[in-house]
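Chemist: Protein chains in written order, with numbering that gives the first Met the number 0: chain D, 0 to 111; chain G, 0 to 873.
These aren't lab readings, by the way, just hints derived from the structure by calculation.
Keep in mind that this is a model prediction, so the values were computed, not measured.
Hints should not be assumed to be uniformly reliable.
Reference excerpt, derived from the structure (chain D facing chain G, CB under 8 Å, subset only) [to be verified]:
# : residue
1 : 30
2 : 49
3 : 53
4 : 56
5 : 73
6 : 76
7 : 77
Which chain D residues stay away from chain G? Per the calculated CB distances, all over 12 Å, these [claimed, not checked]:
#  : residue
8  : 16
9  : 21
10 : 24
11 : 40
12 : 43
13 : 51
14 : 57
15 : 72
16 : 94
17 : 105
18 : 106
Quick reminder that beta carbons are idealized off the backbone N, C-alpha and C, glycines included.
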Amino acid sequence: MGNKDASIDLLQGTLDLLILRVLQHGELHGWGIADRIRQHSSDVLVVGEGSLYPALYRLKTRGWVTSSWGQSENNRRASFYRLTPTGRRQLEREQADWERLTSAIGRVIRHA
Amino acid sequence: MRERLAALGRMVARWPRRRALAETAMAEEMRAHLEHRIQQQEASGLAPAEARAAALRQFGNAEAFKEACRDARGRRFDNLLQDARLGLRLIRRQPRLAAVTVITVALGVGLNVAVFSAARTVLLDDLPYRDADRLVEIWQVLESARPQQFSTSDSEAMRQSVPALTSIAGVSRRVATVRGKANVTRASVGMVTPDFFGVFGVEPIIGRTFGESDFAPDARPAVLAHETWLSQFGGDRNVLGRSIYLDGQVWTVVGIMPRGFSAIGASGAEMAAWTPQPSGNDRTMFSVFARLASDVTPDQAQSQVDALIRPRQSAPAVLPGGRTLHWNGVALERVGESQRAEAAPGLWLLQSVAALLLFITCANLGNLFLAQAVTRYREFGMRAALGARQGRIVRQVLTEAGILAIGGAAVGTAFAVFAVSALGSVDASILPAGLDVALRWPDLLLALSLSLLTALAFSAVPAVVASRLDPRRAIRRTAHVTSGRGTKLMQTGLVATQVLLSLVVLIGAGLLLKSFAHVMAQPLGFDPAGVAAADLMPSNLKTTDDTRELTRQFEMQLAEHISGPVAFGSVPYGTIYTTAWMLGSGAFEWNRSLNAEVRSVSPSYFDVLRVPVERGRAFLSSDSATAAPVAIVNRAFVARFATGRDLVGTEIQTESKRFTIVGIAGDVRSSALAQLPRPAVYVSLDQWPDSRLSVAIRTPDARRASQAIAAAARAVDPDLAVVKSGPLGARVLAVEARRRFYLFALSLFAGVSAALTVAGIYGVTAHVASQRTRELGIRLVLGGTPFRLKGRMLVGGLLPVAIGLAAGLSASWLATTALQKNTAFKSQLYQITSHDPGTFAGVTFGLFVVAAIACWLPARVVDGIAPASVLKTD
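Please put together the full structure from these sequences, using the hints given.
Modeler: Listed below in structure tokens is the structure:
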């Protein structure tokens, strides 16, 4: 239901990777995360609220991100998310997995 | 453990607040997000209102996101709460179903918990001594005789040269008249060696136990049992230094032992008080208690003691008459083991029956919930259609059942508290004396787990049935669905199971009831109605020669308080005394002697107790000490020893005295209804004075008689103990207390089982009838007569009953065969075998008839069906 905004359906699990990745340079609130992903993907990957927040809560339950309340740039109270040490390790792992996967897919596409 | 519980408690308590916070945070976060979106829209040039509308459109279904977020956050507890809410709603909507479930579970769990509480206390708990499992009692075994105690020198030898025992103590028991502040009674008093209390490792609750100076010849200290403290001094904490009279001698109270310390030893005799054992008397016999060394097994200790004592016992004991008793070794067992062994079969019996009852409960509720699940198919179907997964519906049914079962267990536990305190107060002697039975943590834990298991047992199948319902069919159809084949099979199975199990319990109870009827039908041989009796126990200082004076004075005193014929002597259900007799006038010969009871009685005895003197005459006041000794024998004596002679006029003698038989009296069951009358010889109290004496008075007011007897006793001798004072009929019943208890307990279990089962049969038939109204209507239209339809329903309802009865008969046969090994059950059977065909047939037939009625009642629904209206409704 919530994915109608996404221009490309994200692979299962890739959203987690993207969130962790955009958080690696510091804390961001939910809107900021979605915005960063959209910008960096040149508007190809649009993360809807329906996927974003459940994913954030999931990551929080797993202990990969934590959140604290802060002031957003439009002066609203917002929850800022940041990586935990385990989250950072998880990011490295997922990134390595992702690179292995994409290079493998790339090889198949080029040579098959 | 407690901290963890507390932490859990805090978590649960804080949980609603935490959830509320999380919800607000989530809402706020969503709102912030929306604001960002609106700003973005405005930035791209839309008017504020349009920007807002566009943002909202893009945002989509916020509630759905929230739901997804809640899922991601984890929400087990949420679901549980929701299930619980649904469960509570069910209770509101169907209070009768809820009430029936709670009561049924309460019965099943309550009875189990009550019995378990007793069994746990007796069989599992440690006795209230330090390291109770290292504490042993030692005695000698003589051929065909009761446990024999040890002499002072034997126990001294054990103390010195048995390495397996670290400490050793002896107690010798005497029965004494105990008089404190309150009343006079006869009780066991233990004379103990110095380290007696140390061996048990129990400290007094008030004062001290014995020190070295207490064993000096002129010291008179006494340690009291808890019971004595309560009964004699009313639990007064300033009891130290007060006086207590033991057989008229004054002793000083120095300590009070805690509750439960009074019952010790294989004899199980409860001690009222302890005094120091005076030294230098080797004729005293001791019960020996000892502590095992840490690495020693009871067997090793036993063989060490055996090896020590054996050489000291070369000569066999010689009884009067020259019979010898051979020494058969030494027995050693953990303290309390015999009491446990004795109580175990009864407790096992009760616990097994309680377990059967719990199974019946489960089967009964299983059917109830199954019917419930089928009638609730619309609700479940609706939930399934709205997206509830199968697991969710299963869980809902399980939670509902769990809530009701826990409620039932709570009610049942409250009931068990009463049952257990009642069990402690009835004098059925199925539990060892001195044990406090009360509900404790393990019992509550059992109640909780039983309730959850019960809930799982009775709701698992219905839950699966409910979750398998096809939502489309469930919503579309407004009329009845006929329950499926599987459901029907399940119902049949559950009803048959209930019938089977309750038939087993009913037959067990039936055997006891029939035995009890047989017992109560036995002729007593005397008439206890309207007779009050009491045992008069003079202190040990009195001799038998004082008896005549005692009875004379007592009768005089009694006459001042109450009128009515009074008799003295050996009243039935009192003390029994047996001696050796010889018929004929030659010299007394032991090898020609016969064993028979002696009943030394006053002349009025036969009148007061209405024991018929069938031939010859009763005693007269002229049969005095100086007159020619006369005797009356009973019919059992004649039957056993007369060999065709007429005994009236013949001589009969003991080792020391000759009597002439002047009459023959009817038989009396003098110790238990189930016991055949034994040969007995009545002698005149004046000619055979006996200090073991009872008084009986025929009066319409037995209650006042007890007071009169007490007053007379006080006036005659302050140290005259009055024991077992009350209506004579009560004594007869008291002896049957255990029998009555088992009968009551098994009848209770059987009654509950039968009630549940019959209710279950009724419920299933009624459910089937309600499901089949339409079908029955159609059949009526097609020409079926109401009578035939009812017949069909009756047969359909009775089919599972018949299956259950057939299986139940075989099961009962097996169960009663197995019960022949259970001494508690076997000892209750009287004049019937455990496979008594009458009981088997009668109980089976009775259950069948009741079941048939339970099927017929709901079948009458056919009469109320108007075929036309049934056809129109759909």
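Chemist: All hints, please: hold or fail.
Modeler: For each hint, the structure was consulted:
1. 30: holds (4 Å)
2. 49: Holds. Min distance 5 Å.
3. 53: holds (4 Å)
4. 56: Since the shortest Cβ distance to chain G is 4 Å, the answer is holds.
5. 73: Residue 73 of chain D check passes; min Cβ-Cβ to chain G is 6 Å, inside 8 Å.
6. 76: Where the cut-off is 8 Å and the nearest Cβ of chain G is about 6 Å from residue 76 of chain D, the hint holds.
7. 77: With a minimum Cβ separation of about 5 Å from chain G (threshold 8 Å), the hint on residue 77 of chain D holds.
8. 16: About 17 Å separates residue 16 of chain D from the closest Cβ of chain G, which puts it past 12 Å; holds.
9. 21: About 16 Å separates residue 21 of chain D from the closest Cβ of chain G, which puts it past 12 Å; holds.
10. 24: Holds: least Cβ distance 20 Å, greater than 12 Å.
11. 40: It holds; residue 40 of chain D is separated from chain G by about 17 Å at its closest Cβ, greater than 12 Å.
12. 43: holds (17 Å)
13. 51: violated (8 Å)
14. 57: violated (4 Å)
15. 72: violated (9 Å)
16. 94: holds (22 Å)
17. 105: holds (32 Å)
18. 106: holds (35 Å)
Of the numbered hints listed earlier, those contradicted by the structure are 13, 14 and 15.
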